[in-house]
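Here's the letter readout for the chains.
Protein chains: 2
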Amino acid sequence: MILSALLTSAGINTAVCVACFSLYSVLRKQPSLLNVYFGQKLSHVPLKCNDPFCFERFVPSPSWILKAWETSDEEMNAVGGLDALVFDRTMVFSIRIFSIAAIVCLFLVLPLNYFGQEVKHTLTPGESLEIFTIENVKEGSKWLWAHCLALYIITCSTCTLLYFEYKYITSMRLAYIRSSISNPSYFTVLVRGVPWSEEEAYSEMVAKFFTNYYASSYLSHQIVYRSGVVQKLVTDAEKVYRMLKPGQNGSSLLRCGICGGKSASFKILSSDTEVDKERRDLNGPNLRDQECAAALVFFRTRYAALVASQGIKSPNPMLWVTDLAPEPRDMYWSNICVPYRLLWIRKIIILMASIFFVAFFLVPVSLTQGLVHLDKLQHTFPFLRGALKRKFIIQLVTGYLPSVVLILFSYMVPPIMMLFSTMEGSISRSGRKKSACIKILYFMVWNVFFAQTISGSVIDGWSAIDQLGKNLKDFPNLLARAVPSTATFFITFVLWNKDESTYGTMTFPYHTEFPRVLLLSLLGYTCSILAPLILPPLLVYFFLAYIVYRNQILNVYVTKYQTGGRYWIIVHKATMFSVVLTQIIALGVFGLKKSTVATGFTIPLIICTLLFNEYCRQRFHPVFRNNPAQVLVEMDRMDEQNGRMKEIYQKVTSAYCQFRRTSLTLGNPVPLNPNEKNMLQELEDDVNPAALRPDQLPGSWNEHTQLEIEEELPNK
Amino acid sequence: MILSALLTSAGINTAVCVACFSLYSVLRKQPSLLNVYFGQKLSHVPLKCNDPFCFERFVPSPSWILKAWETSDEEMNAVGGLDALVFDRTMVFSIRIFSIAAIVCLFLVLPLNYFGQEVKHTLTPGESLEIFTIENVKEGSKWLWAHCLALYIITCSTCTLLYFEYKYITSMRLAYIRSSISNPSYFTVLVRGVPWSEEEAYSEMVAKFFTNYYASSYLSHQIVYRSGVVQKLVTDAEKVYRMLKPGQNGSSLLRCGICGGKSASFKILSSDTEVDKERRDLNGPNLRDQECAAALVFFRTRYAALVASQGIKSPNPMLWVTDLAPEPRDMYWSNICVPYRLLWIRKIIILMASIFFVAFFLVPVSLTQGLVHLDKLQHTFPFLRGALKRKFIIQLVTGYLPSVVLILFSYMVPPIMMLFSTMEGSISRSGRKKSACIKILYFMVWNVFFAQTISGSVIDGWSAIDQLGKNLKDFPNLLARAVPSTATFFITFVLWNKDESTYGTMTFPYHTEFPRVLLLSLLGYTCSILAPLILPPLLVYFFLAYIVYRNQILNVYVTKYQTGGRYWIIVHKATMFSVVLTQIIALGVFGLKKSTVATGFTIPLIICTLLFNEYCRQRFHPVFRNNPAQVLVEMDRMDEQNGRMKEIYQKVTSAYCQFRRTSLTLGNPVPLNPNEKNMLQELEDDVNPAALRPDQLPGSWNEHTQLEIEEELPNK
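Chains as they are written, first to last, in my numbering: chain C, 1 to 716; chain D, 1 to 716.
Next up, chain C with everything else stripped away, as it sits in the complex (with noise of 0.2 Å):
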């Protein structure tokens, strides 16, 4: 690739992002389109819409950017949950080691690179990029040791940062903990795998074993029921009516489509009354039928809950199990009624679904790859030589159409990852949007940063791959060779990804943007010393990332369920990943170059960098993983001298409702209410994420009205 070619794509970028953030500041103010760039705040507060044809609506403003930029960790934290917190602080960690990494070699690694060999320099549009790799330097250069510092530096800001970083998110995760005192889920622990008996219902054998067990703590239980096959009806009927029928609202379908009168229908209960009256109807001996073997156990203390939740019951481990349960909303209910004695045997399956899926994706990302290496294709093919000979079109193709197919294609990704994590079997949304956004991870550093070198070093010379099998010590070397001359690609891929426009999802996508934000800084990170001319590029995606996500959380996305902070886990470990395979790589091509003094010193940089990480997992990772006994003993505590007890068991034992989302029943058809509609919605939000719907507004919630609010906004 050439300098001309980068510039273009420089260009083409700078112009369609200046372009889409005046559109936006625009939008945003039409009122029309308040509920789609203001879901956030309107939930909040209903924003007044007078004055609707003033001049000021149609004129670009920067407000917005300086608002986004002003905001607090606090308020972020107030308003978007810990995750957005910790998604904040991962953009601004990124942008303070890379400004660190930025200076560092662009003032002291970049010179060396350039004037590494000793070529005529004509600074042209048409000067090739690789004089500005470490490829250009000289073997057995003095110089390297710069290259060595340089990794030094990198990989002790990096580190300094990390330990500060987790040290605060893990104090904000343990704020958390202790500000969440009206939160059910402490109370709760989820039981799978209760026992079948012929004499008794589940319900009684719950009440039997946590009574006789748990007898000082145990509060009261709540039997999950079986209602997936009904969701199974509803979610299929609604997907043949927009097959039949696109560009209505789905919502209508069980009005007219296929239950209108019909015998085979639906009937929707809007309200708690008719809830409690369809249980009272079932409650015949139907009722045991509908009954799954799990059930939420309430207990009178956090910290008994949490006991209960830890270790094994019962001397068959498969029976009994206990878990924390999520927080109401973050339940999800048709995952939990799966035999936890089959959950092994999904997870194996999908373990070995995404394997494959991964290994598939392969095929279409080394085509793309083949793109950029056009001229070496035009060796290969001469016949495409006639088409390719403009110099326009070669600019493009090779500086634009790769990154192209690649975001097309990884289109695909994400709703695929969110279905094998929902078959995974996870008891919670939050969780098994967390699974999926590793499995996206795993797919993006294998598919787009690893395939991407390899194959694109087959172009190069089909032996590279032969030599990659022949012996693993050589992995790094190959890399070495692969990565300075894959650079030049990435540095594209960096600028197309700057248009940043998936707006109006309800819950914010963690499961694309956290993989897409360490993909980006794994690029960098391993191009730092390599090829440094990544790096600002990369350091005006994170800038322009980081007001564009902070607007976003701010201004758009509901926050309805969260982790509470375990996506720094990810950001942790994909970091440390990153920054020794760096080390790795520059080992690699020190090796190549042959010297011995930076070899030498880089070898005990992984090994330090190594234990930190392990001293990392020692001293933090066990608050993400269990709540300490200590802090939820004195929440009891603080509860008990302030006599709220008695009214928190209330709330704690009406916090989960299975069937105010969920309770159909076959009957007589009604109209289908808001109420069902937005399940309808949500089950596939999460699913495909960019998916822009605007007769949906998103809702608010308080502790009580989680779902009524979304009921009552359209009508406004």
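It should be emphasised that the hints constitute simulated quantities derived from the structure, not laboratory data.
Bear in mind the structure is a predicted one, so any value in this text is a computation, not a measurement.
Incorrect hints may appear among the rest.
When chains are identical, the list treats them as one kind, so a pair holds in a single copy or across two.
Derived lysine-lysine pairs resembling DSBU-like cross-links, with alpha carbons at most 35 Å apart [what the hints assert, rightly or not]:
#1 K208 to K167
#2 K167 to K138
#3 K142 to K573
#4 K594 to K67
#5 K167 to K593
Keeping the supplied structure of chain C fixed, place chain D upon it in accordance with the hints.
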């Protein structure tokens, strides 16, 4: 290797074996050796030794074999504990599975191998052993379905037997938990990482923390004191003395050697009253300096202790780290004082050291293997041809020497691995032994099995190792080619190992014996369908070992501590590994022999085996990690109903006595008492289990007077 060499080896081994058994039968009747051969018995009932010169004493008799054979599982469990039972069941399992394998392979597979190619069979002693292996089957042979069928039969019977064994041992473990009513460790939690404070001693910190957060269940606590420095002085002094005066009893050292009347001398506190006095003496400002940041905390119920041992206590996970305490005589006191925050570094260093050690051993092992391939060595080094011309020498060298060298080298491994496990920081002796067992198993599987196989093929043709590096998918193929050719070596190895004569050790050396048995079973599995001739000698080995080990457990070894059956996890994993490795090797062989049917049928078999393994892990494994809450609650209730609790509390709080064994202080020299002698010897017991010390009597123990009996026995 040729048939006659194998027969020579078999002949020598049989003779050695018969001689050993006869010698043992006579020696065990000699009164002077009673304490060597009947340590276990002696500890319960002192045997009478009248009529010292009857004729019967000098006639070998098989009565002990019968006795060992007839002992029931319950007796084994009562005498040797659950670990002995697990070892016994491992032998039974091995005998069963290899009987099945032998029947299937000798009658189905062996004839097919033998008549696989149209060669004139001579059946003379000079015939090569290779014609009995799968190497002799023609490429593309239709008879390979028989090998595949044999593989199916072996896998299915393994899984079935393993499932029932696992179930049985799990039930025995539950029975063990239920039966150990007065086990103080269930009431005790070991706390490490007590935070340091300027104002308060560790003891006060512990009392404050547990009265605050565990007020209802906290009983008392006992701080752990630092005694390591004094202990180390004693051990070092003893070592110096041994070097100076070999042949003398090490225990006389302190009386006469270094400390006789000098200023740097030792005083041994022999009685409890003296210890208490000593403690009171220390009770000044010095006491605090001697405290470790660790304590034993006693709880009112077993369940409360279990609860306190789970999860994290403090927001800083490096503080207040809790584990269920080991049994009093299982405590490894000196490791408990290691600061918890340094433990992870130790573990990492030991892990690295172990890996390095395993890698370093490859060199002598490949030299050993080189001797087996004598004819090939002769080609490489022609000057050897003269010395190795005689047939007898060749047979001796190829049949015997490799095993001797291998076994001599392997004697160095257990002490080193035990040292590693000690430095790792295990809090219990049983845990240390189990950790050493795992290390030795890895060592053996890698060095004896894989390295032998691979270095064998190096001498067969240097291209093989090159090929291994070249492509990982070739690995099964390589192994498949190498294993049959090395099987003849392993057959000799099995024959040699029949001679089992490590009598006289104190505690059963599970850490060396489990890996030995599991390695042989790995050889049995991998060679079963490839070279079925290995199975008869292997079966003979297992039968003899079964008798010998049972006799040893019943008569010789003393059970001082146990893991409660946790060794079974190792056995299960190793067996599953063996089975899957066998399947992968078979897959490679079928591929090489171009049998698509057999290859196609082997792949689902591997998947099913892995699924079975995962099922067992889900179903049984948690019971070996955690004690089920239900069981402990029931035990607590029973005790409360019987009014035994007060009595138990007294027992529990006085059970852990750190200073009874090791309370040494600088002062006037007094004669060393037997207690101290035992301590010194015990320190070495675990490190060098094969060392035979006739001057030392194994002791017995019951609930109360743990070590007192050991002190009294020598005076009898």
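Hints versus structure:
1. Taking the closest pair of Cα atoms, K208 and K167 come within 35 Å of each other only across two copies (27 Å); inside a single copy the shortest separation is 43 Å, beyond that limit.
2. Taking identical chains as interchangeable, the C-alpha atoms of K167 and K138 are never at most 35 Å apart, the minima being 43 Å within one chain and 66 Å between chains.
3. For a Cα distance limit of 35 Å, the shortest separation of K142 from K573 inside one copy, 34 Å, qualifies, whereas the shortest one across copies, 52 Å, does not.
4. Within a single copy, K594 and K67 get their C-alpha atoms no closer than 52 Å, and across copies no closer than 70 Å, so neither meets the 35 Å cut-off.
5. Taking the shortest Cα distances, K167 and K593 never come within 35 Å of each other, neither inside one copy (39 Å) nor across copies (59 Å).
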